[in-house]
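Peer 1: Under my numbering, the residue at position 96 of the sequence shown is numbered 1580, and the numbers go up by one with no gaps.
Simulated from the structure, these hints should not be mistaken for lab results. By construction, the Cβ of each residue, glycine as well, lies at the ideal position given by its N, Cα and C atoms. Don't take each hint at face value.
Mimicking BS3-like on lysine-lysine, the simulated pairs with C-alpha atoms at most 27 angstroms apart in a straight line are [unchecked claim]:
1) K1581 to K1599
2) K1543 to K1487
3) K1544 to K1570
4) K1554 to K1590
5) K1487 to K1599
6) K1590 to K1487
7) K1487 to K1554
8) K1563 to K1487
9) K1563 to K1599
10) K1570 to K1526
11) K1544 to K1563
12) K1563 to K1543
13) K1570 to K1599
14) K1487 to K1526
15) K1570 to K1554
16) K1543 to K1554
FRET-style restraints, in silico, Cβ to Cβ [stated by the list, open to error]:
17) K1581 to P1506: 24 to 30 angstroms
18) T1580 to T1489: 21 to 27 angstroms
19) I1515 to T1594: 17 to 23 angstroms
20) L1604 to D1495: 20 to 26 angstroms
21) E1602 to I1515: 14 to 20 angstroms
22) H1531 to D1573: 31 to 37 angstroms
23) T1580 to E1525: 22 to 28 angstroms
24) T1594 to T1555: 27 to 33 angstroms
25) K1487 to Q1572: 32 to 38 angstroms
26) L1598 to S1496: 15 to 21 angstroms
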Amino acid sequence: MAKQTILVVEDSPTNMTLMTGPLIETGYQVITAVDGEEALEKATREHPDLIVLDVILPKKNGFQVCRQLKTAPDTQDIKIIMLTSKSQDSDRFWGTKQGADGYMTKPFDTGEYLKAIEDLL
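Take these sequences, add in the hints, and give me the full structure.
Peer 2: Laid out in structure tokens, this is it:
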């Protein structure tokens, strides 16, 4: 059985490597985007099974991307985990209000990261 596809949205090359490496090693198909607009375009075109979404992004922030994807009929069912350095309770609340299915903060534990993804898939 083919593994699920995950779109990772992150503008930092270092964090992108930390976020995609464990997914690739686990066998997931990984696609990437480096800003909010590219994330929206790839999510709509590729329709991944799950999106790992940073909040602080160029062009459109993660909250805007999440809200737009969750309100569009063709992408509303895609699972979204926000993975961000924004760790305040208000940030977590706002992410959930935008439709995020999960919210994790950086730095993250790789085991918890993979478990959160597995739980949503």
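Peer 1: Check each numbered hint against the structure and report the violated ones by number, ascending.
Peer 2: 2
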